[in-house]
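J.: Here's the letter readout for the chains.
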Amino acid sequence: MLSDFDFSVLTDSLPFLWAGLQFTIQLTLVAMTGGIIFGTLLALARLSSMKPLAMAAAAYVNTMRSIPLVMVILWFFLLLPLLTGKPMGAESSAMMTFMAFEAAYYSEIMRAGIQSVPRGQVHAGQAMGFTYSQSMRFVVLPQAFRNMLPILLTQTIVLFQDTSLVYAIGSKDLLKASEIAGKNYNRPIEMYIFVALIYFIICFSLSQLVKRLQQRIAIIR
Amino acid sequence: MNYHWNWGIFFDQVQNGDETYLAWLISALGWTVAVSITAWIMALVLGAIIGTLRTVPHRGISFFANAWVELFRNIPLLVQMFLWFFVVPELLPKDLALWVKQDMPAKEFVTAAICLGLFTSSRIAEQTRAGIQSLPRGQTNAGLAMGFTRAQVYRYVLLPMAFRIIVPPLTSELMNIFKNSSVAFAIGVLELTFVSRQMQEDTSQGIEVYAAVTLLYFICAFAANRGMALVEKRVQVPGYIAGAH
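Chains as they are written, first to last, in our numbering: chain A, 1 to 221; chain B, 1 to 245.
These are calculated hints, taken from the structure and not from any lab test.
Heads up, a few of these hints could be off.
Simulated pairs of lysine-lysine, BS3-like, Cα-Cα distance not exceeding 27 Å [claimed, not checked]:
no., chain 1, residue 1, chain 2, residue 2
1, B, Lys-94, A, Lys-183
2, A, Lys-183, B, Lys-107
3, B, Lys-179, A, Lys-176
4, A, Lys-172, A, Lys-183
5, A, Lys-176, B, Lys-101
6, B, Lys-101, A, Lys-183
7, B, Lys-179, B, Lys-94
8, B, Lys-107, B, Lys-94
9, B, Lys-107, A, Lys-176
10, A, Lys-86, A, Lys-176
11, A, Lys-86, A, Lys-172
12, A, Lys-172, B, Lys-179
13, B, Lys-107, B, Lys-179
In silico contact screen, one side only, chain A against chain B (beta carbon under 7 Å); selected entries [stated by the list, open to error]:
no., residue
14, Ser-66
15, Pro-68
16, Met-71
17, Trp-75
18, Leu-82
19, Gln-161
20, Ser-164
21, Ile-189
22, Ile-193
23, Phe-194
24, Ala-196
25, Cys-203
Pair by pair, the computed Cβ-Cβ distance ranges are [unchecked claim]:
no., chain 1, residue 1, chain 2, residue 2, range
26, B, Trp-5, A, Ile-217, 50 to 58 Å
27, B, Ala-145, A, Met-50, 53 to 61 Å
28, B, Pro-168, A, Pro-118, 20 to 28 Å
29, A, Pro-118, B, Val-100, 55 to 63 Å
Each residue gets a CB set at the ideal place from its N, CA and C atoms; glycine is no exception.
I would like the entire structure built from these sequences, with the hints used as guidance.
T.: Following this line, the structure appears as structure tokens:
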């Protein structure tokens, strides 16, 4: 029962948990940056007029989106060392996995964003003598990015939660750190409650911020 | 790539027993489907109720419903699994806690289904709310003007339309629930992901095993998609853009 709980172990394990949280944040940021860049390229490929390129991008995105993330994590952890011929730690494997996996989700958001830009904008760019890459870079993508910013950030909050699944390959993130701390002090229950609280506070405040941002940056048409 | 292929691995016997690995996979598929479907039914019922409550013009009720959604949405599913499995039994009265820990049949399965069901209910609640709010305000007003009580407006005017409108987003939720059921490996449900890790450890034939399991997940997602397409066709509302084909 609750009266038997001993929350004093939490203060002792804080430095350890902080190290775990740092990895979780690092993984989220790396996956977000890599995922958005790679995802935008995938979206452009998917909307390209070159049929094989568009089909390859669509196949990649749909495959990633229909496999459970845990399986993707296991696949990468198994395949990366075989393909590179070198052993790879759980941490670097996790980073590659999340970049590749999240790119599929970010690319769907960016595709919707690009499609939300009125066609006249592209024509205007062409009329000004812009090449394809210039009109994408200076006209379409900035608008697509701005329109989709709240959704991209919401996806990043989901990504932040999903990083806990690196548990499957034993990489030391916030959750794994709390589990180890719980075992060391023989207080697993308190640790699980505490770590759930940390995740909740971070995700809830971020999602409130995104809500505010959404109201502020909405383009009034 | 230095890898020893052996696609016959599925017909080999498991290490401590007389079954084949194929039998393991089939039973694992059974657990994946069982967890997903049980959770799905729970999520539909709870999600519909909570989603409806979120639109009710009463501060206390909508606060409760909002809190429900935020709670389940802002904690990672894996952490929720651990909370249900390790923490919740500690919070129960002593006798019940003892029974849950020692005697409850299929403890892992029940825990995983409850956890996944509640997690998904918050997402379905969001869809339900969006469905109800997508209906023109005039419908509620017309109902009230006809002398319906608010409960009757929901029962006869809003919900029958809202539930039909939200079938497409529910399709992706059903596909998601199959994917999310993979997280149940962490508390020891013998479902596909758990068994694939076990087989990889036993046999080191990871590629074959993961390929088989990934294929089975594909089949689940595809079946969910086709099944919901049938439902969608039956319940689509004539006159809506989605229904025009």
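J.: Give a verdict on every hint.
T.: Now the hints, each set against the structure:
1. Lys-94(B) - Lys-183(A): holds (23 Å)
2. Lys-183(A) - Lys-107(B): Holds, because 22 Å separates the two Cα atoms, which is no more than 27 Å.
3. Lys-179(B) - Lys-176(A): holds (22 Å)
4. Lys-172(A) - Lys-183(A): holds (14 Å)
5. Lys-176(A) - Lys-101(B): holds (23 Å)
6. Lys-101(B) - Lys-183(A): holds (19 Å)
7. Lys-179(B) - Lys-94(B): violated (35 Å)
8. Lys-107(B) - Lys-94(B): This hinted pair holds, its Cα atoms lying about 17 Å apart.
9. Lys-107(B) - Lys-176(A): holds (23 Å)
10. Lys-86(A) - Lys-176(A): holds (25 Å)
11. Lys-86(A) - Lys-172(A): holds (21 Å)
12. Lys-172(A) - Lys-179(B): With a Cα-Cα distance of about 23 Å, the restraint between Lys-172(A) and Lys-179(B) holds, given a limit of 27 Å.
13. Lys-107(B) - Lys-179(B): holds (21 Å)
14. Ser-66: Since chain B brings a Cβ to about 5 Å from Ser-66(A), closer than 7 Å, the hint holds.
15. Pro-68: holds (4 Å)
16. Met-71: holds (6 Å)
17. Trp-75: With Cβ-Cβ at 6 Å, under 7 Å, it holds.
18. Leu-82: Given a least distance of 5 Å, the restraint on Leu-82(A) holds.
19. Gln-161: holds (4 Å)
20. Ser-164: holds (4 Å)
21. Ile-189: Hint holds; Ile-189(A) Cβ to chain B Cβ min 5 Å, cut 7 Å.
22. Ile-193: Holds: closest Cβ of chain B sits about 6 Å from Ile-193(A), inside 7 Å.
23. Phe-194: violated (11 Å)
24. Ala-196: holds (5 Å)
25. Cys-203: holds (4 Å)
26. Trp-5(B) - Ile-217(A): 50 to 58 Å: The hinted range 50 to 58 Å holds for Trp-5(B) and Ile-217(A), with Cβ atoms some 53 Å apart.
27. Ala-145(B) - Met-50(A): 53 to 61 Å: holds (58 Å)
28. Pro-168(B) - Pro-118(A): 20 to 28 Å: The hint (20 to 28 Å, Cβ to Cβ) holds, given that Pro-168(B) and Pro-118(A) are roughly 26 Å apart.
29. Pro-118(A) - Val-100(B): 55 to 63 Å: For Pro-118(A) and Val-100(B) the Cβ distance comes to about 58 Å; the hint holds.
Consistency with the previously given hints fails for numbers 7, 23, ordered from lowest to highest.
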